[in-house]
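A.B. asks: Sequence:
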Amino acid sequence: MLAGDLPGLRTLLRAVPAAVRRDYVSTLAVQWFVLGTGLYLFHLVAQRGSVEGFAYYQIARGTVSTFQPALLLGLGLGLQRYLPRTEHTTRRLARHALYVETVLVTVVGLVGVSAGTQIAGGLGLTGGREAVIAIVVMLGGNCLCSAGLAALRGNHQILDSNLIYGLGLGLIPLVAFLSAETIEEFLIIQGAGATAVGLWGTLVVRRRPATTVEGQEPTLRTLLAYGIRRMPGEVALPTLYTFPTFAVAVAMPGQPDAGYVGFTTSAVTLICSFFAMLTPVLMPRLSRLFHRAGENAGVRQLLTALPVIAGMLAALPTAVILVFAPVLVHGFLGREFSSAVPILRLGVLAAIPLAMFYAARPTMDTLLEPKFMSRLLIACLALEIVVTAIGTVFLTPPHAAVLGLAAAATALGFDGVGLAAYAVRLPRS
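Under the numbering used here, think of the first position of the sequence shown as 4, with each following residue one higher.
A hint or two may mislead.
No farther apart than 20 Å at their CA atoms in a straight line, the calculated lysine to any residue pairs in the SDA-like style are these [as the list claims (entries may be wrong)]:
# : residue 1 : residue 2
1 : Lys374    : Ala414
2 : Lys374    : Leu429
3 : Lys374    : Ala385
4 : Lys374    : Leu162
5 : Lys374    : Gln160
6 : Lys374    : Ile231
7 : Lys374    : Phe266
8 : Lys374    : Gly421
It should be emphasised that the hints constitute simulated quantities derived from the structure, not laboratory data.
Just need the whole structure built from these sequences, with the hints factored in.
C.D. replies: This is the structure we're talking about:
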């Protein structure tokens, strides 16, 4: 699409229904509350748990973020894609999804507990089996909370979903920390609370109003078939962010450079969080709209333009970070961390194409086949690994790692622009 063909930003915003804008703002506000409480918990844990407790908490958080996408089996996106297409089976499908997730986390939890001593040794945890049990409980709670959250989002219960999100992943962790005496107790209470919130979220899923439209409604088999094919991509996407830090940590053990790269990816994540929240707001609406064959040319134009507009918007905070990188690094990390400035300036450029991808994602996940999206994300992850490996021959490992991230993000962003335009023009079955 040529720049002259794009509608102006003001025109685009006017074309978005007020309800969509309201839901986006409220969802984004809750997202920032959850992010803020997560950062505050790092501070609290560092104060109470000392260096050893802080390291254990970091390992626990890293373990959860690594295994949660695989344990969800793509149900998060699957519920947002298929629940809007139900009328008579809405509540049943949501509960069946929760049952599947419960069985899965129970089996994985039992395996983790039985091998707790060996896992603790591999992760370097001094707490032994008890430390692993706490992590397993936290992992299970987060998975069940996410399943309930996805069901509410898929059923377009924005107020309920935001309440579940803010409680389960924001407020309950704070309450758990204040109620616990040790880090292990904190993780267990947090996991138990998230489990309760997830169950509650699934129970309050409402039946959709009946219409005169007839058709076969999606089943649990439909949901699982989609989720299993989409799950590899859900694992690959967060790995795009974690791989650079891991690669530098392996190449330069004991050096602070891995922390510089982690700081850079955190800055990219904060910028992209504005656009990542488009998926839970738009995807259920798009799924129902296109499933009912009620879309129009205006919707297609808006969805085609959205990724480009997102890239333009993301360029603003990116430019601010580029200009004020020394101030940000010295303010957050200290003057002795000046070596992080060039790494931050190079890596933050990845935020622009990633914002384009996140803006295109609701359209692609709604209209394209799940294998297609998974292959795209896996291919971009492979590109990141290859560029990083080649880059280390000519550059320092930190610069090579963020260059690999930027290369993968660029491919993902520009593919997203083209694929979103392609997806809205596909004939509807």
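A.B. asks: State for each hint whether it applies.
C.D. replies: Against the structure, the hints:
no.: 1; hint: Lys374 x Ala414; result: 18 Å, holds
no.: 2; hint: Lys374 x Leu429; result: 17 Å, holds
no.: 3; hint: Lys374 x Ala385; result: 16 Å, holds
no.: 4; hint: Lys374 x Leu162; result: 32 Å, violated
no.: 5; hint: Lys374 x Gln160; result: 28 Å, violated
no.: 6; hint: Lys374 x Ile231; result: 9 Å, holds
no.: 7; hint: Lys374 x Phe266; result: 32 Å, violated
no.: 8; hint: Lys374 x Gly421; result: 17 Å, holds
Hint compliance for this structure: hints 4, 5, 7 are broken, all remaining hints hold.
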